[in-house]
Amino acid sequence: MAGVAGGLADALGVSDGFVRAAFVTLSTVWGLGVLIYFGMWLMELDRVEDVEPEPAAPHQALGLGVAFAGLLLLLGAFGWWPSSALVLTVGALAFGTAALTDRNMPGPLAALVDPTVERPGRLRMLVGIGLLIGGLAVFAANVGPIYEIGPVLLAVALTGIGILVAFGPWVTRLARDLSTERRERIRQEERAEMAAHLHDSVLQTLALIQRSDDPARMSILARHQESELRDWLYGNAPLDGVDLLSTALREAARRIEADHQVPIEVVVVGDHPLNETTRALLGAASEAMVNAAKHSAAGRVSLYFEAENGELVVYVTDQGKGFEPGDVADDRRGIRESIKARVERAGGAAAIESEPGEGTEVVLRMPVSAG
Amino acid sequence: MSIKVYLVDDHRLFLAGVRAELSEEFSIVGSAHDVDTAIEEIRGFAPDVVLVDVHMPDGGGIAVVEGVAETTPDVKFLALSVSDQAEDVIAMIRAGARGYVTKTIEPADLADAVRRIDAGDAVFSPRLAGFVLDAFAGAMPSDDDPELDQLTTREKDVLRLIARGFAYKQVARKLNISIKTVETHVSSVLRKLQLTNRHELARWASKRRIV
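Protein sequence lines, in the order shown, are assigned to chains A and B. So the first sequence is residues 140 to 510, counted in the working numbering. So the second sequence is residues 51 to 261, counted in the working numbering.
Here chain A stands alone, though its shape is the one from the complex (with noise of 0.2 Å):
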């Protein structure tokens, strides 16, 4: 806990498991283990981290546990432990896990989860389950009379606890790999998806923009692919399902953008679903960009998209050649006639000024229900 088990297994050279099992057992008699354990930590014996860990050699820690071993029997001589069966019990126990589970030295739990651990020593193995069944069976048979447990609840509860400390280690590795696995395929999907993305868009962009010596398109082409990469990266997708207009809007302009080598600037305040009127709105509004975007010979078109007070507005704007509303050509007349007659089908309005030398703005309005 305090790191006092690890800083006296460093200086012993024997594993904390071991170490942490000592105190375990001490602390049976009289709490002895925790009142060493608690003097060791305020005298800091744990501050030893400079000391490289050297492992005892196999006759050192043998000496040691039979040290071990005659203190407590020392002090069982004497009559100093409230049970001699707990004491037993709970060290067997102790010590059994520690050798089957210990880092250090991996023992059989440690093999079993990870085959690249070399197999453990079949000595320690036997010695370990040894002491764990030992210990169950000094447990069962000291504490099942006295609590008149019968003997087959007490059966299934100390195989309970076996197999929960057998296989626990195992079972949470388990879980964890995975968890990492189903982690890593996901990261991996979303990999493919975006090189699909990249490639689909930028790579195609960029290829293009090689092979193009005309800088005005070259211009169009990363002005189109970098708004395109920003929706994308920075999800002006669609929200919660719900198809926006601005969203929409936004593509429109791009397409047309591309399509007739015009910048469109976008501006949006506020925003609105995606339904059958404001499709009538998207509609004409795209209208009104291409028309400006092919007629008006203007370097660039301004949309401003604005929901407010229960109605949306558009305004397409350019800065163009204008054109005398009283004198348009036919095949102009019939586009402006169209989104005039789009927005009004939905209950819109749509008015169109220019003059010439000044530029056109079209100006299309969509009530809807505020909420």
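Mixed in with the good hints there might be a few duds.
Unchecked claim - Residues from chain A that keep clear of chain B, each with C-beta distances beyond 10 Å, as calculated:
1) Arg321
2) Leu337
3) Gly409
4) Gly486
Stated by the list, open to error - In silico EDC-like links for lysine to aspartate or glutamate, alpha-carbon gap of 16 Å or less:
5) B:Lys219 <-> A:Glu497
6) B:Lys153 <-> A:Glu365
7) B:Lys224 <-> A:Glu494
8) B:Lys224 <-> A:Glu492
9) B:Lys206 <-> A:Glu447
10) B:Lys219 <-> B:Asp162
Since the hints were made in silico from the structure, they are not lab data. Computed from a prediction, not measured in an experiment: that's the story for all the values here. Every residue gets a Cβ at the ideal spot worked out from N, C-alpha and C, and that includes glycine.
Place chain B on chain A using the hints.
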């Protein structure tokens, strides 16, 4: 004497491009592609106008604006970015930048913007006008200074026209006011943007208003 301009952008190519576009009319006193160099050199050179990119490593344009404002308050900043992120742009303005234009701006318009910034005016691109209208939209219970928390009808008219792509001159003609008055309105909006406590300004951009 020509206006002294300093450029800050972490994209060297863009830096070179802007330098080429502006060097005929203005005296480009220096440029930097990182925040620390920029702050140090701007303090030393004391240029009239700094063009600064919004998105850069180590704190971005805001760090430059704030770092310089402490020691050299006379330097004026124009934010320049490809960013569509409203909160970043608004944050730059609130830090003290006097305008924001997108990097797709025409060279002639950029030169015009630099002259305006030097003259003490604010420079609003259509996109910034849209951001500001969005930020101030909706009824808002104003706690301490209602005047700062709302735009006047006239200010909104000006911003809408800018958002529709009109230049200041055209805005003035459409509203039957002088260019000077347009500039006054825009400066007033800038002031409100910098001083208002409307706490939702910082957060509004994260949620889109659906009317």
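We went through each hint and held it up to the structure:
1. Arg321: Answer for A:Arg321: holds, closest chain B Cβ roughly 30 Å.
2. Leu337: About 18 Å separates A:Leu337 from the closest Cβ of chain B, which puts it past 10 Å; holds.
3. Gly409: violated, 5 Å
4. Gly486: holds, 16 Å
5. B:Lys219 <-> A:Glu497: holds, 13 Å
6. B:Lys153 <-> A:Glu365: Roughly 12 Å separates the two Cα atoms, so the pair holds.
7. B:Lys224 <-> A:Glu494: holds, 13 Å
8. B:Lys224 <-> A:Glu492: holds, 13 Å
9. B:Lys206 <-> A:Glu447: Between B:Lys206 and A:Glu447 the Cα gap is close to 12 Å, so the pair holds against 16 Å.
10. B:Lys219 <-> B:Asp162: holds, 12 Å
The structure fails to meet hint 3 from the earlier list, while all remaining hints are met.
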